[in-house]
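Trainee: Single-letter residue listing:
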Amino acid sequence: MASEHATVLVVAEHRGGKLSAATAEAIAAAQQLAAPWQAAVHAVLLEGAAESGLAAQLARYQLAGVLAARHPALAEYTPEAYTQALQEIVSRRQPRAVLFAHSYQTRDFAPRLATRMARALFGDLTALRVEDGRLTVSRPMFQGRLAADLVVPGEAPAFLSVQIGAFRADRAALAAAPAPIAAEMVAPAAPAAAPEAPFQEAKQAVDLTQAAIIVSAGRGIKEAKNLDLIRALADALGGEVAASRPICDSGWLPMDRQVGSSGQTVAPKLYLAVGISGAIQHLVGMKSSRAIVAINKDREAPIFEIADYGVVGDLFEVVPALIEAVKAAKAGG
Amino acid sequence: MTTERPSLEAAVVIVGAGPAGLACGLRLAQLLDEHREREPRLPAKDSIFILEKGRETGAHLLSGAVLDPSALDRLLPGWRERAPIEAAVADDAAFFLTSRRALRFPITPPPLRNHGNYVVSLNRLGKWLGEQVEAAGLTIFTATAGARLLFGERHAVIGVRTDDKGVDRRGERKANFEPGYDLKTPLVVLAEGPRGSLTKQLLGRLGLAGPNPQLYALGVKEIWSVPAGRMPPGRVWHTMGWPVPRSMYGGGWIYGLAGHRVSLGLVTGLEYHDPGADPHVLFQRFKTHPFVRRILAGGEMIRYGAKTVPMGGYYSQPPAAGAGWMLIGDAAGLVNSQRLKGIHLAIHSGMLAAEAIFDSWRTGDPAAVARTYPERVAAGAIRRELWTVRNFHQGFERGLFAGLLNGAAQMLTGGRGWRDPMLARAGHLRMQKLQAAPRHDWSLQPDEQLTFSKITDVYHSGTRHEEDQPPHLIIHDTDICNTRCIVEYGNPCQHFCPAQVYEMLPAEDGTKRIHVNASNCVHCKTCDIQDPYEIITWVPPEGGGGPNYEGM
Chain A
-18 MASEHATVLV VAEHRGGKLS AATAEAIAAA QQLAAPWQAA VHAVLLEGAA
32 ESGLAAQLAR YQLAGVLAAR HPALAEYTPE AYTQALQEIV SRRQPRAVLF
82 AHSYQTRDFA PRLATRMARA LFGDLTALRV EDGRLTVSRP MFQGRLAADL
132 VVPGEAPAFL SVQIGAFRAD RAALAAAPAP IAAEMVAPAA PAAAPEAPFQ
182 EAKQAVDLTQ AAIIVSAGRG IKEAKNLDLI RALADALGGE VAASRPICDS
232 GWLPMDRQVG SSGQTVAPKL YLAVGISGAI QHLVGMKSSR AIVAINKDRE
282 APIFEIADYG VVGDLFEVVP ALIEAVKAAK AGG
Chain B
633 MTTERPSLEA AVVIVGAGPA GLACGLRLAQ LLDEHREREP RLPAKDSIFI
683 LEKGRETGAH LLSGAVLDPS ALDRLLPGWR ERAPIEAAVA DDAAFFLTSR
733 RALRFPITPP PLRNHGNYVV SLNRLGKWLG EQVEAAGLTI FTATAGARLL
783 FGERHAVIGV RTDDKGVDRR GERKANFEPG YDLKTPLVVL AEGPRGSLTK
833 QLLGRLGLAG PNPQLYALGV KEIWSVPAGR MPPGRVWHTM GWPVPRSMYG
883 GGWIYGLAGH RVSLGLVTGL EYHDPGADPH VLFQRFKTHP FVRRILAGGE
933 MIRYGAKTVP MGGYYSQPPA AGAGWMLIGD AAGLVNSQRL KGIHLAIHSG
983 MLAAEAIFDS WRTGDPAAVA RTYPERVAAG AIRRELWTVR NFHQGFERGL
1033 FAGLLNGAAQ MLTGGRGWRD PMLARAGHLR MQKLQAAPRH DWSLQPDEQL
1083 TFSKITDVYH SGTRHEEDQP PHLIIHDTDI CNTRCIVEYG NPCQHFCPAQ
1133 VYEMLPAEDG TKRIHVNASN CVHCKTCDIQ DPYEIITWVP PEGGGGPNYE
1183 GM
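Chain order of the listed sequences is A and B. Going by this note's numbering, the first sequence opens with residue -18, and the numbers climb by one from there. Going by this note's numbering, the second sequence opens with residue 633, and the numbers climb by one from there.
Bound conformation, chain A alone (with noise of 0.2 Å):
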């Protein structure tokens, strides 16, 4: 049933126990698309039966409230239990979007969702405005090299999904009192397939979508051997390990850990760019990331235009003495 105020739903996601880093850009983005609709955002958490304490850290956002889906099907993920639940919701509440976070998990379900419900997912959209009434969704195109301008045609609901980093988490408004939680039924059957234990690759797996602090080497560091010292600073910070292509193609770290066009997008609070020329596919990989930290000897890398901070140096110089003073900076307090 359709109300009087337009509704837009985000999906939260989460694993083992804690919120995505992106939901909250997801809800970012929500709550910059329903401002002009004057919309009324809600986050829609699907979770097992028992409560988890998650509603209630989507409840601090600045919401209309808080969709708690809890069914026993939903305990683990499985696109075919997510796809029946959000349908179910989507069709009750009949929002005017519906938006997610562009997460391999968001693309595992959300375009069987999308096709459900007779409509297309727009995915990995990088801006999303509205004018003249109309929708309109930004997304790239030929690894970044063009911006897609496409209008969604008229009908609700639109599924959006916003590419990892396009918004800033941080941007998602609080709220000064908790929104209220709604329980909201669903009943999704039980998943045909049930899913085994979440595969843990051998230890190097690694989401460098969710590192915080990324420090990444380039061809600068010349040998195999040197990573150790990339590693120490990486250890120091308390951050992943990244590489650009050429490391990760002489097999001296595993293509999990490549950044760039042809490796992972990621947008960390920081990221340390360490004998990395800056050649526009590695920059494509990391360009949003929100402080920008290079460490080249050649004055003239591209990477130092992109840079918030750089410095032209010898690494084998420059990565030590940062290691002894983010140290001595962590140990004084």
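No lab work stands behind these hints, which were simulated from the structure alone. Even glycine gets a Cβ: it sits at the ideal position worked out from N, Cα and C. Mixed in with the good hints there might be a few duds.
To be verified - Chain A is faced by these chain B residues, among others (derived, beta-carbon under 10 Å): (1) ASP1073; (2) SER1075; (3) GLN1077; (4) GLU1080; (5) ILE1087; (6) TYR1091; (7) ARG1096; (8) HIS1097; (9) PRO1138; (10) HIS1147; (11) ASN1149; (12) SER1151.
To be verified - Only pairs whose alpha carbons sit at most 27 Å apart, straight line, appear in this in silico DSS-like list of lysine-lysine: (13) A:LYS308 with A:LYS250; (14) B:LYS797 with A:LYS203; (15) A:LYS206 with B:LYS1144; (16) A:LYS278 with B:LYS1144.
For chain A, the structure is supplied; the task is to place chain B on it using the hints.
Mentor: Relative to the frame of chain A, chain B by itself:
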């Protein structure tokens, strides 16, 4: 491990959905439609397979281009109203560049006169032709490469095997492995473009060539968006001279496209002596000439690409057909190197091939094509055109001025010139060793605004490949790279490749080793052509990979 492969029967397999392959398919469809009622036993349209390694039709098509409309007028009357055309040629001129000046030829040399022709994007034209082909009821199998020819008795071609999908970089099967198909057919039409991989396999196995080896040039191109009025649509300019050294063959082009865009590029002959020669550097330098810089100022580079062109002409043509196979388009060397035009010849040859094939279906004698197709080519417009310029490119063996003199002599003698046929040596054999070679300055410091590094340019070619696949650039003996070539030629692959696929990188023991960045490859085939030791073989990567030449 032997692989179970699905096998399909085809009436004909066309490898390559460029202008030649598409013209062949479309003409076949037209003929089938015309005659189907009277002759119901003709093959069904779904037994005609067109294979295209690009992700979509047109993705790997690149050219300047100025199109001679004669062939399309035959194939699709009324095409001018429907096909994507940038502009009719409005004015043309030729210039001789010195390092600072541009001297306009008072009279545009006749081969470079383009009145009546059209500035087109070959990518867009190809896409449009692809749509016509599909509307006519044929299917283009995109993201599908012809990986190998299948041979029967006495080297007859009996089919094509398509590429395996889902093989990892060590050659192991991945979860999404799909074996390629064996398409069994009495006739394979090779329309792969310059230096096609199956064409190379075929000619090598059968020991076939023309009187001259094929000669090639590498064209490096960018499309720019420029402020309005800088280069009106339909303006066609060609240049020679700077920055191409006098001993090398090459020249530039600047064409005005619609929508405030410019197509520009530089063609470099792949027969140079200096192993350090870098066609990409020459093109970047070309843009810094005041004449060109003025046009591009305040503009933005939109797309980059590179591709080789067969330049040998009439005497470099391999035999056009044999038992179970035919060559059309650039794969057959059908380019008028004097006018720098090959698209119309590709379309003509595709049509002639279709007509020969169709006749063979009616007479029930597919093998006859091996005789009738070359006869049609020899009797028609293609041969007439290529005959008059049969010695053109060979005339440049001694440099620019010798070439121009030879060219003039040939124009006065109907193509005969001083010597007919003028023989030529293969381009890669003319490369001289480091000690003996003339050395030019190939340094370039790109400013990333007007001039770009190869890496930035590759990014703008839209090139992508599945990363986890076997390298598609096969170097048969890397020891030669690391020990001999490094001393004798200085590893010219680092210089002639316009996509920085090849690099000599320091290894742990301090020596330099060849490193291949296969996924940068723009499929130009320069390395397969120009490597002096002939140890690089280009094979198609997993179908769908490669550049995305939108608008090129």
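Trainee: Run every hint past the structure and note whether it holds.
Mentor: A quick look at each hint next to the structure:
1. Annotation: B:ASP1073 was flagged as interfacial toward chain A, and the flag is violated, the nearest CB pair being 20 Å apart, outside 10 Å.
2. At its closest, the beta carbon of B:SER1075 sits 14 Å from a beta carbon of chain A; the interface hint therefore is violated under the 10 Å criterion.
3. Residue-level restraint check for B:GLN1077 holds (minimum Cβ-Cβ distance to chain A is 8 Å; threshold 10 Å).
4. Satisfaction of the interface hint for B:GLU1080 is found here, the shortest Cβ-Cβ separation to chain A being roughly 7 Å, below the 10 Å cut-off.
5. At a threshold of 10 Å, the smallest CB-CB gap from B:ILE1087 to chain A is about 5 Å, leaving the interface hint in force.
6. Annotation: B:TYR1091 was flagged as interfacial toward chain A, and the flag holds, the nearest CB pair being 5 Å apart, inside 10 Å.
7. Interface restraint check: B:ARG1096 against chain A, minimum CB-CB distance 7 Å, threshold 10 Å, status holds.
8. The criterion of a C-beta within 10 Å of any C-beta in chain A is met by B:HIS1097, whose closest approach is roughly 9 Å, and the hint holds.
9. Proximity of B:PRO1138 to chain A holds as hinted, the smallest CB-CB distance being about 8 Å (cut-off 10 Å).
10. Interface hint at B:HIS1147: satisfied, since its Cβ lies 8 Å from the closest Cβ of chain A, which is below the 10 Å cut-off.
11. The beta carbon of B:ASN1149 comes within 7 Å of a beta carbon in chain A, closer than 10 Å, and the hint placing it at the interface holds.
12. At about 7 Å, the closest approach between the beta carbon of B:SER1151 and any beta carbon in chain A falls short of 10 Å, and the interface hint on this residue holds.
13. Taking the CA atoms of A:LYS308 and A:LYS250, the gap is near 19 Å; set against the 27 Å cutoff, the hint holds.
14. Distance restraint check for B:LYS797 and A:LYS203: the Cα-Cα separation of roughly 34 Å exceeds the 27 Å cut-off, and the hinted pair is therefore not satisfied.
15. The hinted pair formed by A:LYS206 and B:LYS1144 meets the criterion: a straight-line CA distance of about 18 Å does not exceed 27 Å.
16. As the CA atoms of A:LYS278 and B:LYS1144 are separated by approximately 22 Å, the hinted pair is consistent with the 27 Å bound.
Comparing the model with each numbered hint stated earlier shows that hints 1, 2, 14 do not hold.
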